[in-house]
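Enquirer: In order, the protein sequence lines correspond to chains A and B.
Counting from 1, position 144 in the first sequence corresponds to residue 144 in this note's numbering; the numbering is continuous, with no gaps.
Numbers given in this note's numbering equal positions in the second sequence, counted from 1, plus 255.
What the hints contain is simulated information worked out from the structure, not anything from laboratory work.
Even for Gly, the Cβ is constructed at its ideal location relative to N, Cα and C.
Label-pair ranges, simulated between beta-carbon atoms: (1) SER251(A) - GLY282(B): 35 to 43 Å; (2) LEU129(A) - GLY361(B): 33 to 41 Å; (3) ALA434(B) - ILE79(A): 54 to 62 Å; (4) ARG107(A) - SER360(B): 15 to 23 Å; (5) GLN369(B) - PHE75(A): 46 to 54 Å; (6) LEU121(A) - GLY386(B): 20 to 28 Å; (7) LEU429(B) - TRP191(A): 55 to 63 Å; (8) GLY378(B) - PHE75(A): 49 to 57 Å.
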Amino acid sequence: MTPVQAIIAKELRSYFVSPVVYAVGAVFLLVVGLLAYLYVVFAGAQAIQLMQVQGSAQLNLNDLVFRNLFASTRFILLIILPILTMRLFAEERKLRTFEFLLTSPIRINEIVIGKFMGVFLVFLGLLGLTSIMPLMLALFSDFDWYPILTGYLGLVLLGALFLSVGVLASALTENQIVAAFVSIGLLLVLWLLSGLGSLLGDTAVGQAVSYVSFMEHYDHLVRGLVDTKDLVYFFSAVVLMLFLAHRVVDSARWK
Amino acid sequence: MIEVQQITKRYGQHTALDRVSFSVAKGEVLAFLGPNGAGKTTTMRILTCFMPSTEGTAKVAGFDCADQPMEVKRRIGYLPETPPVYQELTVAEYLTFVGRLRGLSGKTLTSSMQREVERLGLGTVQQRLIGNLSRGFRQRVGLAQALLHDPPILILDEPTVGLDPKQIIEIRELIKNLAGSHSVILSTHILPEATAVCQRVVIISGGRIVAEDTPEQLSARLRQSEKISLTLKSPAADTNSRLKAVRGVQNVFSSGDSGTYLLECELGKDVREEVARLAVASGWGLLELKAISMTLEDVFLQLTRHEEALAPEAVVASVEPAG
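Let's have the full structure, built from the sequences with the hints guiding it.
Expert: Next up, the structure:
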């Protein structure tokens, strides 16, 4: 077992003995499930209306349910993922195990990657549980699986980005609440950049600002568009955030 | 095994370590003594490659702490001030994690864990969460962690804090047994501990090394002469010279108006009787008369508190201004 695997295993263990994962997981699944239910009921109501008016109705679940669901999940992740990441480094610093980690024969980038992978696996597990919704709907209706798979790809990438921002925020402080707050703040700013981008319009600056925000990249994936440009965005953003976290951890030694 | 040369550590304006140099031979146990904030922990953090020094070089087992930290870290077992334990893990899980971080696996890991569990008496708590253990057990888990990969060098920051007297003796025995095959640096507040387990003592104060020797030598150096402290209620103007005239008295220091005198006498000569007679006969109002014996504790206090010394400039002078 390599040191990175040892860190991942330890993080997973720590997550599952603490109540945080269960609380966060329960809230996440409950809210996503509730939203899915509401969108389905709403779609059903629309179908009935259409039947009354036109006598027949062709429902598009991709548009009526999944697009909305993917759009809402984005916001839920923005709130809950910082709760998962806030402890990663802040807790180590508070409990003085930080010094132990940094004096162990393991590189800082291995620590950062190990911690990121640990929480990423927890997130993948939670996301995997939501797949029950499309699977159940598939029993009773017919829809296009392709945009759902790309939507999930979008969620995975978006989650990775949120988590990497959370890792960075957690490295900045020894207070977990502050860490959660900072990452929610950073993510909201990233979100709002897309609004600023569209305000600036189709200029070079406007496009650049929109590109920095995750919104348009995620939207493409939810619509079923897999563009290398968007994949590159997510990968480079995650790498940049983890690199910054590495720098912050390294500089914490000097104080 | 450990070579520290002219290490300086500054935090902004504050100098935590000022040109500290010392070395530890293979198999030697060195104690770091000093008041809080003297720079003990800072020195240990530099040696374990947790933080870099501002100036100077530190070499551990031939590897430079700044250039080859991984090689240094592999050879060091480090117990920080607060035992670095994860409360949500059991003792066994924690030691497994530590072993894996250090590249142990399979049978080696199992046998190393068994060895340390036995050595530190953790058998009964192996499956318990560390968060539910007492301070003493956590400290022992911290020690097990430092020893797990059987490193040639051990750096222990106050290893016996939080232990009960029986455990303290056990840990001291353990450290004594490690000497010879391991080089150990330990910091402590408890002076008998330094005398009990260490071959050499480094006294550090205000970021400087003020003395470095064996515990016996350190106290011997201060016992070059017998010292007597004398307190008088109403000393006269000629008290100083008349005290000096007593046979066997070499030097007299007075501390101004408080009436306290420090007499330095020839070795092996007890002048107390005569001094008492003189004081009574002269009507100086004898309040107190006692011989000062120098334990390591006194040495430590004298060396680390000289700025607020009561009288004994003489004592400090006799230790020679080291550092």
